[in-house]
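Following the hints, put chains B, C and D in place on chain A, whose structure we already have.
Listed below are the residues making up each chain.
Protein chains: 4
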Amino acid sequence: MSKIGFIGLGRMGKPMAANLCQKGFELVVMDLNPDAVQDLQRLGASAGSTVAQIARDCAIVVTMLPSSIEVEQVALGADGIFANAAAGSLLLDMSTIDPLATDRLQAEALRRGMSVVDAPVGRLAEHADRGESLFMVGASKTDFARVKPLLDAMGTTVYHCGDVGAGGRTKLVNNYVAVTLCQVNAEALALSQRFGLDITSTLQVLYGTSASNGQLRMNFPNKVLAGDTTPGFTIDLAHKDMSLVIGAAHAARVPMPVAAAVYESFSLARASEYGRIDFSGIADAVCDLARIERPRVPKGWVAG
Amino acid sequence: MSKIGFIGLGRMGKPMAANLCQKGFELVVMDLNPDAVQDLQRLGASAGSTVAQIARDCAIVVTMLPSSIEVEQVALGADGIFANAAAGSLLLDMSTIDPLATDRLQAEALRRGMSVVDAPVGRLAEHADRGESLFMVGASKTDFARVKPLLDAMGTTVYHCGDVGAGGRTKLVNNYVAVTLCQVNAEALALSQRFGLDITSTLQVLYGTSASNGQLRMNFPNKVLAGDTTPGFTIDLAHKDMSLVIGAAHAARVPMPVAAAVYESFSLARASEYGRIDFSGIADAVCDLARIERPRVPKGWVAG
Amino acid sequence: MSKIGFIGLGRMGKPMAANLCQKGFELVVMDLNPDAVQDLQRLGASAGSTVAQIARDCAIVVTMLPSSIEVEQVALGADGIFANAAAGSLLLDMSTIDPLATDRLQAEALRRGMSVVDAPVGRLAEHADRGESLFMVGASKTDFARVKPLLDAMGTTVYHCGDVGAGGRTKLVNNYVAVTLCQVNAEALALSQRFGLDITSTLQVLYGTSASNGQLRMNFPNKVLAGDTTPGFTIDLAHKDMSLVIGAAHAARVPMPVAAAVYESFSLARASEYGRIDFSGIADAVCDLARIERPRVPKGWVAG
Amino acid sequence: MSKIGFIGLGRMGKPMAANLCQKGFELVVMDLNPDAVQDLQRLGASAGSTVAQIARDCAIVVTMLPSSIEVEQVALGADGIFANAAAGSLLLDMSTIDPLATDRLQAEALRRGMSVVDAPVGRLAEHADRGESLFMVGASKTDFARVKPLLDAMGTTVYHCGDVGAGGRTKLVNNYVAVTLCQVNAEALALSQRFGLDITSTLQVLYGTSASNGQLRMNFPNKVLAGDTTPGFTIDLAHKDMSLVIGAAHAARVPMPVAAAVYESFSLARASEYGRIDFSGIADAVCDLARIERPRVPKGWVAG
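Residue numbers (full-length UniProt numbering), protein chains in the order written: chain A, 1 to 304; chain B, 1 to 304; chain C, 1 to 304; chain D, 1 to 304.
If you're looking for bench data, these hints aren't it; they were derived computationally from the structure. One should not assume that every hint holds.
You can't tell identical chains apart in this list, so a pair holds if it fits in one copy or across any two.
[Unchecked claim] The calculated DSBU-like cross-link candidates involving lysine-lysine, where the alpha carbons are at most 35 Å apart (straight line), are: (1) Lys148 x Lys23; (2) Lys299 x Lys23; (3) Lys141 x Lys299; (4) Lys299 x Lys148; (5) Lys23 x Lys240; (6) Lys3 x Lys299; (7) Lys3 x Lys141; (8) Lys141 x Lys240; (9) Lys3 x Lys23; (10) Lys148 x Lys240.
Okay, chain A solo, but in the shape it has when bound:
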């Protein structure tokens, strides 16, 4: 089995790379943070010297970077992946980026006889730690088969969503709904609080009707409603994803008035210094700004 390049060892990238190492893949890693690189070396990875060298040595290079700017810097240009990789190489980009950037990468890859797979990550950092991530993959059938073993080593759920670009696009659709549910629940619970309703009684009813939703069932009772807003996924990151959603929607001429309202609510929360808490914490932000008592359930509460 040939070497795998892995560029980007942040909060998500590092445990993903670690899982690859631990499951027997030979990794060449790279990151601006030397500590992260050393941690991976301890698990058996080698440290890449330059992007170009990694591109020459590895038939598959994984990127897990903050935004399309960094991905394009690493992929394009004279010192980048495409200019230095052999024909037939594959770039597996797992970052969450603008889908139009993925399209540009793919066009460039095609021109050089290479290919791109976009496979952004669902679920939280703690799932990545345990190798339990979910991936939304855009790839040709052949390329999907090539990356499947890597994805299986990093996660438990792999969706092949369509051709290149379909992974990132599906993630945007999915995260639009997930983030928006936080805001919808926040407004609903703010109303319930101001009405003076018992919060557990309101939750009970919501769980029993078509109003039930993943955020309200799974995330809220364990996080914001229990008074725990340490971040699984921050309001800042949710805002970044909504930024990609809004950008892509406007580029594609899709009116999304609710998305726009959610985006502004998260902007207000960030301006009021709530950016670094868990995104379920938008319920606290909404209530605090309107001087409504925060909704809380007893620790360990489970719907009857």
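What follows is chains B, C and D alone, placed relative to chain A:
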């Protein structure tokens, strides 16, 4: 067992009254539509001549009427329920109305030594037909015990949400979320369609994450996504409920920017003549107005 | 000249009635507040004992009341204006109310051979003090001629907008724009502040382009931008007018997404205790909530 | 007087360059479209061969390009302006771009002992034709003095808004308000139409109160209300400017819920194929989508 008054035999009230008859309650019914009254007479109910007479004859009177205007007309005034009922009588209002109207009714009832229970209905008309409705009840403990046998005869799920007024308020919170989910799903699916994603693949992913929600799981695949927009609950009625939500939220000083955006989207749909289709059909309205292909799944499709 | 009834001597009604007295009209006044009645008596008005008596004595009755509830209480019912006035009498309602309530009043008046004129007031309380109000009038030609002398005594600008109901509807259109301009300017100035632009320089440019608007030119520099938020017209009242706008728009199936967003911003401001300041103060509310420095110009500043 | 470089001869750039030629400036021009270059040559300009050559020959280079992508391509890189210009050179960027891109250009210029002035253009293409543009300028005092003669040759109104970056930022604030006014007026007139009010009567009132605004006074009666939606400034371009506004506001943490609602309304208009008409035409788009009769005034109508 004493007689029960039942005023309002519309699409919901008639099957509810029918269930009461069939389960042995002695009903005195009233409606502007003589056919509905005759149908109930065939099931053993008697026809009331006036509201005042019903109030005199029945210790419990059920109202199931279109809006707070009709409920207040029937309850208040010289010919109304309160002016003619005996002390200790109970008004069980099952209409969906402004919670401040419920508060006014309760204040008047208290003044006369009577009481009010608000118990609006969840679920759809076809559930009411089968006696499988869900009720959100606001009542004192004693009054809850008095109405419980009636509710059990009309439905399968009864939530005691708190004191008088809590039933209607809980329904507003619940319907805000349920209606809003339709709009959120509509925007998400419009984006998915414009992205050219395979709709079943998108649904599969959404079902597997915290983006999952009751409308997307239960209502959408059987209704709009299968091309069936015959109404279980119309866009017009969803708009009416959102109107109560917005009114109550502003009276209570709860900012709800997403509710406001949803309300406008339903207003546009109504202005464009989509008002009488099922509220899941907001997905078609959103797509049609933006010239996006309607999302469809094969009939009988079930997520894998 | 016959006597004029005047019911409602609040912050606006009292100076309006005073102007009528001072310009020679013989008034019979009524208000819950005895001080206001005495003040008018000092100016020569007589105090009416009941609404019915006023209706019997006066061919024209003016109402200036908080909402449609009070107007309908005074106009309808056995003790009301219509039941006691002579045929040919005229109700001049100058309150700002739901236009559908005006339509109901007019239907009842027609049935009795009477008529209604709706003439809500533009401009501020201090204009009313000086007899410089602006009126938007809905009336038949004949009725317009009958009320014109009264309006001329209370204000300087009278618009005959169309038939009965057109006055209130025009006021809603007008106040929608005026209130919304406050929010638009608030957002623009918040952006300017966060950008670190010099506020006078920004204003200068805005005044010189098609972005110029009445609120930014006239109200803002004298009020919020000079640090003066003592109310000419409060955020609470602006919110009430937006409530009528939203209600009427939804009844008429007019989607108004910007109106909806403004309404929520004012709701947030009220929930955060900004309700009693001048409506230009929404600029401070928007900036405070987002932790942006308030925009200010030197006292007495005039655009160059 | 030294030569002036001018890169970008589109609908705005060409007449601006022509005005410079006609008023005696020695221009070296460049554009992808050879016809535009030839037109300028006929007016005495010379054609530049490469960006680098222009940078070497001209102490001031003007750029008038579609977006930050093109401006950065021309300014940065080995073949760009900065790499080839002499110390002390000045880039006068008149494009409407993301202010953060202007900041990046300025940082690079400073590093090389050069400078940047941002001077985006207000008013329409026909004003540029007549040398009657308005400019919002961000520049140091010295640099402002250097570019002032050029700006005076192209326009009639020059605002020095502050340091580098202040020009573009002021333009965003200004265009946010101008574009939003179109939407506000659209909603107001839609409401007026549905209410059945006479449109000229409504306009008359709006003009006489603080609801008056530049778009409603100047642009609307000559364009959309007279049935003329040939573009001075298209809905597509207004949408592009709103995109910059939203992007900058979110980067700066300024919540702008009305901006967000306007952006979505323009997105819906574009999805429904109204993108290429004048931005006042949003009034027609709003009315058409909601099946409301378009508001129209007689040709040549002037408020009384």
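Check each numbered hint against the structure and report the violated ones by number, ascending. 2, 6
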